[in-house]
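**Q** Each chain, written out:
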Amino acid sequence: MAGAVLALASLQPVWSREPVGSVEDIRKLEAKIEAVAAKAMKSTVALISEESGASGSGVIVTADGLILTAAHVIEGAEAVTVVFPDGKQVKGKVLGANLSKDIGMVQMEDKGPWPFMERGESGPLEAGDWVIAMGHSTGFDPARTPPVRFGSVVSDGPGNFLTTDCTLIGGDSGGPLFDLDGKVVGINSSIGVSLKNNNHAGVDGFKEDWKRLIDGEVWGRLQMDPMANSERAVMGIELGGPVRGGGIVIAGVSEHASKAGLRPNDILVTVEGNKVRDGRALQLYLAKKQAGEKVKVGVLRGGNEKPVELEIELKQRNQIR
Amino acid sequence: MKTSLLATALHAALLTGAYAQGSDDVPLMRPEEAETVQRQAMQFIDAVRPSVRPVVPSTVWVWADTGSGKRSVAYGTIVQDGTKALTKWSEIAMARGPIQVVGGDGATAKAKVIGVYQEEDLALLQLDGAQYHPVSFNALAAPKLGRFLIAASPDDTPVSVGVVAVEARSLREKDQAFLGVIANTDPPAKGLRIESVEDGSAAADAGLQKGDLILSVGGRDVGGLIELKSVLSAYRPGDSVEIRFDRKGEEITLKAELKERGANFPGFPNGRLSQMERMGSKEKGLSIVREGFPTAIQTDLRVGREQCGGPVVDLDGNLVGISIARADRTRSFVIPAKHIQDLLSREPVSAEVAQAAMEEEEANRRQQVRQNLPPQQNVPRAIPAPRGAAENLRRNLEEMELLMERMRAEMDGLEE
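The listed protein sequences correspond, in order, to chains R and L. Numbering-wise (my numbering), the first sequence opens with residue 1425 and increments by one. Numbering-wise (my numbering), the second sequence opens with residue 973 and increments by one.
Some hints here could point you the wrong way.
What the hints assert, rightly or not - Listed next, the in silico BS3-like pairs over lysine-lysine satisfying Cα-Cα at most 27 Å (straight line):
#1 R/K1463 - L/K1201
#2 L/K1116 - R/K1512
#3 L/K1116 - R/K1463
#4 R/K1512 - L/K1227
#5 L/K1220 - R/K1512
#6 R/K1607 - R/K1631
#7 L/K1310 - R/K1517
#8 L/K1201 - R/K1515
#9 L/K1227 - L/K1201
#10 L/K1162 - R/K1515
Unchecked claim - Residues of chain L clear of chain R, computed beta-carbon distances all greater than 12 Å:
#11 Q1015
#12 K1042
#13 T1080
#14 Q1098
#15 Q1103
#16 H1105
#17 E1170
#18 G1172
#19 D1177
#20 D1218
#21 Q1270
#22 S1317
Because the hints were derived from the structure by calculation, they are not lab data. Keep in mind that this is a model prediction, so the values were computed, not measured. Note that CB positions come from ideal geometry on N, CA and C, so glycine has one too.
Start from the sequences, fold in the hints, and give me the full structure.
**A** Next comes the structure, spelled out in structure tokens:
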């Protein structure tokens, strides 16, 4: 059994992620996890809303006390109590939140300096990347430090979100997801039934919305169905019926898609070289993409296949006429 | 629901041109992602195989009939001279008929419970019919935060790999020290104003009064209830702690001897009871007894309920402890090796005594459940994404969108 597994593994391309081929590899991994956990402990705070008594988590990312958290942790609150793992309580002011991305910010009133963790990038993360999740599971507990969980990315997307097998539970919301260098790459957001289904908002989302969040703007809609998310990326085409032999009729195009070269009644046959069977498959594919990414598609027009490259964009900006 | 999920996986496979099996664990997981994750998990398990090897011969299956036919209900850890094993007591307490242990090599022995360590929920078994290899207690220092833990199984393939999520601590209610004051829970301020002092509490004995402003406890400033609780978490009942407070402008320092939670104080009177509360709820795969241990390492190891009782090692193959409970989605507990070693030098109670205690606890629990339950702590849940619901909602929305588009198109046609 083990032999078969090894043989299979050796046929695969060389690992681009941190390797785990031997105990030595795993020791190196362990040293990194240990270092991240020890450092992150001081910056992983609980956020308690005085109005509701609800308790979530957050992570300090600047010396002057800016905290990143999940939008749903601070939704409706103007002030929160920030609680450090050693029990220290300080006041925090709620800044902005983008509910569609489930990201939000809190600023501690006292400017510190506070222990903080640097921000990394979530864009490059993909299945197999090792990550460490922390948070005040089931609410702040004075008898315990925020639990450390180790795992890997199991799926990137939809949109700015990513899924890991670091098991989360209520109270972890808003807590940090770190890479092995201790950089914040995500914010704990939601869970599914499976232990593998733990969803985090990618930290890149903050970069895009930074100013609005700092300015205290609250917008978007909390939506766990990626297909209904107003910030999901679309091609800007209206889908018609499927065509026998493969492809979908393009029933309508947005101005943006029209500029890229798509026309009504074109038949969409390929995306990134793969055949398109129906609209659902296409939407699933696009759910993984983020606005601004370029996609190569093939369309049939007048019997000839024509390649078109278009940039996918936000659904909300994209009105089909 | 099942079919729609399968359909999702199939579509993904078609679009990407890969035909590997998709995963319905994570609705949007691509087949190549599933493959990467699975391959990585297998590689990881292979890499740590040598680490568990020293304890595989000390790991056994414990077979018993606990109401659903004879099956393996827990793992056991071989100790002492090789004819004794420790296993999870609550999983075999209700066993009808004989208990057996089976090693990875198939060696089978009859087992008899010769004693129970109740607080640890561990039963000591006398084995008859085979000799096994006992675990050795080498490195007894409790592992640090973030260290890898590997749960062994009798058959060479580890059960799970996890990390130390929280270093060893007591989960016993009676180890929690209380001062016995009710104070304001306003946002952090300078000092903590006492609203009332519980009769017979440490605070009452020490002479604290309503209206006193607590400034520091044990030398640490306190400005909120959470800060007070956190300071007290470092103490045990019986410990003496210095309290500095302000009474009508006068600063006073005194010593208070901390106590257990008082009978009238909010919360459960008995920690073990509160955890037994959920006994009937049949949360799949969770241990019946999963709280209240005198010392336990919290970990994200995915040890199933029927895999508790086996050894847990570090990467060097040293025994870290025995897995004692699967507590919930994120938590498993491990009783540290040092504690196990100390335990074995102590006299356990007899199976009969433990059995009677368990039945009494169960009776108490039933009564407790009938009485009104205290309100649940208000904790925000991570919003679970119900799989089927999302799938349905998505399809409905798509259909509605299409319908709207068509209607709009028709309206446009009418206008022109």
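**Q** Now, for every hint given, state plainly whether the structure supports it.
**A** Here is what the structure says about each hint:
1. R/K1463 - L/K1201: Holds, because 24 Å separates the two Cα atoms, which is no more than 27 Å.
2. L/K1116 - R/K1512: holds (23 Å)
3. L/K1116 - R/K1463: Holds - the C-alpha atoms of R/K1463 and L/K1116 are around 13 Å apart, at most 27 Å.
4. R/K1512 - L/K1227: With a Cα-Cα distance of about 22 Å, the restraint between R/K1512 and L/K1227 holds, given a limit of 27 Å.
5. L/K1220 - R/K1512: Answer holds: L/K1220 to R/K1512 is near 26 Å, not above 27 Å.
6. R/K1607 - R/K1631: This hinted pair holds, its Cα atoms lying about 14 Å apart.
7. L/K1310 - R/K1517: This hinted pair is violated, its Cα atoms lying about 46 Å apart.
8. L/K1201 - R/K1515: Holds - the C-alpha atoms of R/K1515 and L/K1201 are around 18 Å apart, at most 27 Å.
9. L/K1227 - L/K1201: Holds - the C-alpha atoms of L/K1201 and L/K1227 are around 17 Å apart, at most 27 Å.
10. L/K1162 - R/K1515: holds (12 Å)
11. Q1015: violated (5 Å)
12. K1042: holds (27 Å)
13. T1080: holds (24 Å)
14. Q1098: For L/Q1098, whose nearest Cβ neighbour in chain R is about 35 Å away, the distance exceeds 12 Å, so it holds.
15. Q1103: Holds, since 28 Å exceeds 12 Å.
16. H1105: holds (22 Å)
17. E1170: L/E1170 clear of chain R: closest Cβ-Cβ about 19 Å, beyond 12 Å.
18. G1172: holds (23 Å)
19. D1177: holds (23 Å)
20. D1218: holds (19 Å)
21. Q1270: Per Cβ check, L/Q1270 is inside 12 Å of chain R; nearest 6 Å; violated.
22. S1317: Non-interface label on L/S1317 holds, nearest chain R Cβ at 28 Å vs cutoff 12 Å.
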